[in-house]
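For what it's worth, this note's numbering labels the leading residue of the sequence shown as 41, then goes sequentially.
Treat the hints as calculated values from the structure; they're not laboratory data. From a predicted model like this one, the values you see are computed outputs, not experimental measurements. Even glycine gets a Cβ: it sits at the ideal position worked out from N, Cα and C. Do not take every clue at face value.
Derived DSS-like pairs (lysine-lysine); straight-line CA-CA distance at most 27 angstroms [claimed, not checked]: (1) LYS200 - LYS217; (2) LYS260 - LYS123; (3) LYS123 - LYS241; (4) LYS108 - LYS217; (5) LYS241 - LYS125.
Listed next, with one range per pair, are the computed distances between beta-carbon atoms [to be verified]: (6) LEU60 - MET214: 35 to 45 angstroms; (7) ASP118 - SER275: 19 to 29 angstroms; (8) ASP117 - ILE235: 15 to 25 angstroms; (9) ALA107 - PHE69: 40 to 50 angstroms; (10) PHE61 - LYS200: 54 to 64 angstroms; (11) VAL199 - LYS68: 48 to 58 angstroms; (12) ASN226 - MET192: 28 to 38 angstroms; (13) CYS92 - LYS200: 50 to 60 angstroms.
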Amino acid sequence: MLSRSEGHLCIGGKNPPHDLFQRIVEGKFQFANRSRIRVTVLNKKQEAKNDCILALNEVFVGEDEAAKVSTYSISIDDQPMVKQKSSGLIVTTGTGSTSWYVIFLGVQRYTWKGPATELYEWSIQPNSKSQNQYYGMNRVEEQSVSAILEAMQSMGIEVKANVRGLAEEIAKKMNDKIAFEPDHPNFAYSIREPIFNATFKRTSVRGFARRIRLKSKCSKGFLVLDGATKIPFNSGTEVLLEIFEADALRTIKL
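Please take these sequences and the hints and turn them into a complete structure.
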């Protein structure tokens, strides 16, 4: 059977510990919570249209076709609505911050899934020779850092260290700071390729929040939860993205 995915929440993993169930029965584990994003679609009376849906990793908001620009209004933490045009918006929890949202190098985490309200997981240290990398939209490329350092040199600003080595070090330090804790009380948001002009004013393109309100002006938009569940987000649709402690997924760490 071909392996199509390797990530922090893989079911079973390739090398699960032989004493997994014994350790659970004997209570040799720790509880941990993973925050989730509550997604609520609103009706014209600004009331919940349906029951809310929870996302463990991330919610992507944008047009169904990648080539189309997404247009919407957005309010972050109850600030005034502003019009925005971009290639889409991604909102992620701490769990999701180690996947699409960021590159992650280091300890891998494998998970065995039990009942719907619980996940069981354990960690292993990767082999020092492995090249396990997780690429995401907020990853800082060494090439981009090198270009900035070279531009600084052309402006007469002295860069004493080797440009390539310094660029690698800077990129790693920045990327290491993007991922955050699975039980973080806020979610992170990031806007892909925002368009700023006289109509669409410059706004924050990345940060943390507890509540985001969106009103669609998309022709065929969708919200995609955890890369699986799709919710129509056509023009006029309003949704709330929120995070609450009560929605956290309880997990077991071995």
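| Does the Cβ pair ASP118, SER275 satisfy 19 to 29 angstroms? | Check passed, 23 angstroms falls within 19 to 29 angstroms.
| said: Hint check: LYS241 vs LYS125, CA-CA at most 27 angstroms. Holds or violated? | reply: Between LYS241 and LYS125 the Cα gap is close to 10 angstroms, so the pair holds against 27 angstroms.
| Falls inside 50 to 60 angstroms, the C-beta gap from CYS92 to LYS200? | holds (54 angstroms)
| request: For ALA107 and PHE69, compare the CB-CB distance with the range 40 to 50 angstroms and indicate the outcome. | output: Since ALA107 and PHE69 have Cβ atoms about 47 angstroms apart, the given range 40 to 50 angstroms holds.
| query | Taken at face value, is the distance from the CA of LYS241 to the CA of LYS123 at most 27 angstroms? | reply | holds (8 angstroms)
| CB of PHE61 to CB of LYS200, is that within 54 to 64 angstroms? | Check passed, 57 angstroms falls within 54 to 64 angstroms.
| said: Tell me if the beta carbons of ASP117 and ILE235 are separated by a distance inside 15 to 25 angstroms. | reply: For ILE235 against ASP117, whose Cβ atoms are near 23 angstroms apart, the range 15 to 25 angstroms holds.
| message | Verify the CB-CB distance for VAL199 and LYS68 against the hinted window 48 to 58 angstroms. | response | Between VAL199 and LYS68, where Cβ atoms are some 51 angstroms apart, the hint holds.
| message | Given the hinted pair LYS200 and LYS217, is their Cα-Cα distance within 27 angstroms? | response | OK: LYS200 and LYS217 at ~25 angstroms, within 27 angstroms.
| said: Check whether the Cα positions of LYS260 and LYS123 lie no farther apart than 27 angstroms. | reply: holds (17 angstroms)
| task | Look at the Cβ atoms of ASN226 and MET192 and judge whether their distance stays inside 28 to 38 angstroms. | result | About 34 angstroms separates the Cβ atoms of ASN226 and MET192, which means 28 to 38 angstroms holds.
| task | Look at the Cβ atoms of LEU60 and MET214 and judge whether their distance stays inside 35 to 45 angstroms. | result | holds (36 angstroms)
Hint 4 from the list above is the single one not met by this structure.
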